[in-house]
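The lines below spell out each chain.
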Amino acid sequence: MLLLEVDGVSKSFGGIRAVDKCTLEVEAGSIVGLIGPNGAGKSTLFNLVIGTYSPDVGRIVFRDERIDGMPPYEIVERGLAKTFQIPREFRSLTVLENVMVSARGEPGESPVLSLLGLRRVWRREEELERKSRDLLALIGLSELADEPARNLSGGQKKLLELARVLVMDPSLILLDEPVAGVNPTLSLKILSLIEDLRKSGKTFFLIEHDMNVVFNRCDRVIVMHQGRVIAEGKPAEVRAHPAVLESYLGG
Amino acid sequence: MVDLSLVTDLSRAWIAPAFIFAIVALGLNLQWGHAGLFNAGVAGFFGIGAYIGAIFTTPAIGPGPGGPGHLGLVSLFAIFTPYTVLIAFLVGGIAAMVVSGLVGLLIAIPTLRLRADYLAIATLALGAIAVESIRNSDPVTGGVYGILRIPRPWEFGQDVWRTELAYAITAGVIVLLVFFLIQRATRAPWGRALKAIREDEDAALALGKNTYFLKLQAFVIGAALMGGAGALFAGLLRVAVPDSFTPALTFSIWTMVIVGGSGNNKGVIVGAFALTFLEYFTLRAKDWFNLSSFWDIRIFYLRLIAIGLLLIALILFRPAGLVPEPRKVTKKPWILFGSR
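Quick mapping for you: the protein sequence lines, in order, are chains A and B.
Every letter in the first sequence is one number past the one before it in the numbering used here, and letter 108, counting from 1, is 108.
Every letter in the second sequence is one number past the one before it in the numbering used here, and letter 42, counting from 1, is 42.
Quick caveat, the hints were computed from the structure, so don't treat them as lab data.
Incorrect hints may appear among the rest.
[As the list claims (entries may be wrong)] Straight-line C-alpha distance at most 25 Å; calculated DSS-like pairs for lysine-lysine:
1) B:Lys266 x A:Lys131
2) B:Lys331 x A:Lys131
3) A:Lys234 x A:Lys189
Chain A on its own, in the form it takes in the complex (with noise of 0.2 Å):
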């Protein structure tokens, strides 16, 4: 089943194509890889899904519903997330908040139902509580659940951004370079946990730099270059692409 079919897809900032006609798609329950070289358009591509930027031509449809041109709440409605390639946290929240505040369609986020103070609007608090302290526990992040975001290291905010977007329960999860900067260990850690994930469901769509990542972990692999895709297919058969080799992984 196709799950992101992103279909003749460019944008343009001033003069330059960030992304060039860009066709392609991703299959639910899949790990998909997007490599390129810097500048092919990978991130941008990133925005575009989930909204924060709208294509200038092309279609981006999600589960069957045309997504394009929708702001991002309501493409987050329909259970896409990303992550970000440097992490976003909110500084002064602390790890715990920032986890929580970041769920979807939370009833106390009205400001008329938080002054109502109904019951069944802090069950669901307590709840979404609950499953963040659950979500921190299995990203090793507990014992620094209140403690502001600010203080956490570069490696910490990353597995942060994770927890962010599981705690959304999205079906699609686009992750912007979820090792990048991360020690070895804790990026064994991160891809187990993607792998459990997507073994309970969940489809990955992700950035990465790393070619061990992609080549031994992705079942497609996805090549960006200059805003547009060059190669598609199974790691084996897209390390052998002769376009992959000139422009990215080099002879």
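Start from chain A and add chain B according to the hints.
Frame of chain A; chain B shown alone:
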């Protein structure tokens, strides 16, 4: 025996203004401290509220110098005699909140979609436009003469101290109510989402928050609070004149928020009391310490210098304010409806 003139003076010149400015500071704190929205036109929202309140409560006087004609809407509430003024005061206060809130909405709708700077510019302009519009709308606002003889709900004739104390208590009760509501809403997930926007709006957007709508809510509620406080202020002074609502007032409120502790609802009330006390002190110091007439004018400028020094000292030694923002935002409040 307590010196009743001191009660009168303290109530009128320190406590009541402190409570009223505390409401404005709570409104600005909601906008800036919680949601990170820069409002440079606080005095405008406050002034609009003051005039709306005054128009509702003040009887019509014939046109002429010192007694300009205005709408005299208070006669609408004559059926509630002897509670005419009280009802007019309540309706005026609510109308002040609604109108200031609507003005806030009109400014926020186009500017909150843009970069943060545009809101600052638009509110700065509003502050100027509001005062000039008031100054030049003689039939409604009395122009430069303003609206005079604004009544209050509780008057005790010769017992001036009672009248003043009653008004200060009224303002205090309203502060308590506003504080309770704001504290509750900002400790709820709503306040947490606002702080996320303040910290990193793009990230909040990408995480699926409707940042525009959340910012709009915070800005409009803040503006409405400023308007309501304005109506109370008109009743306190018993006159509404355009010169009360200059940018200097906006600056004062900002100082209260920063000194008290931006992001902390208790802190900004402390800030309001501290700054109004400084003003009260400079008004009365001459009498208390038998200062010579040399200080008459100078002490007011010394106050401005003192405020400047206070701000510098604070930024150096206590940048988060007297009562810093709490570390954890979300707190479980009392459950009002529904059983456990």
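Against the structure, the hints come out as follows:
1. Proposed proximity of Lys266 of chain B and Lys131 of chain A is contradicted: the alpha carbons are some 31 Å apart, above 25 Å.
2. Among the hinted pairs, Lys331 of chain B with Lys131 of chain A is consistent with the structure: their alpha-carbon atoms are about 17 Å apart, no more than 25 Å.
3. Restraint check for Lys234 of chain A and Lys189 of chain A: satisfied, since their Cα atoms lie roughly 24 Å apart, inside the 25 Å limit.
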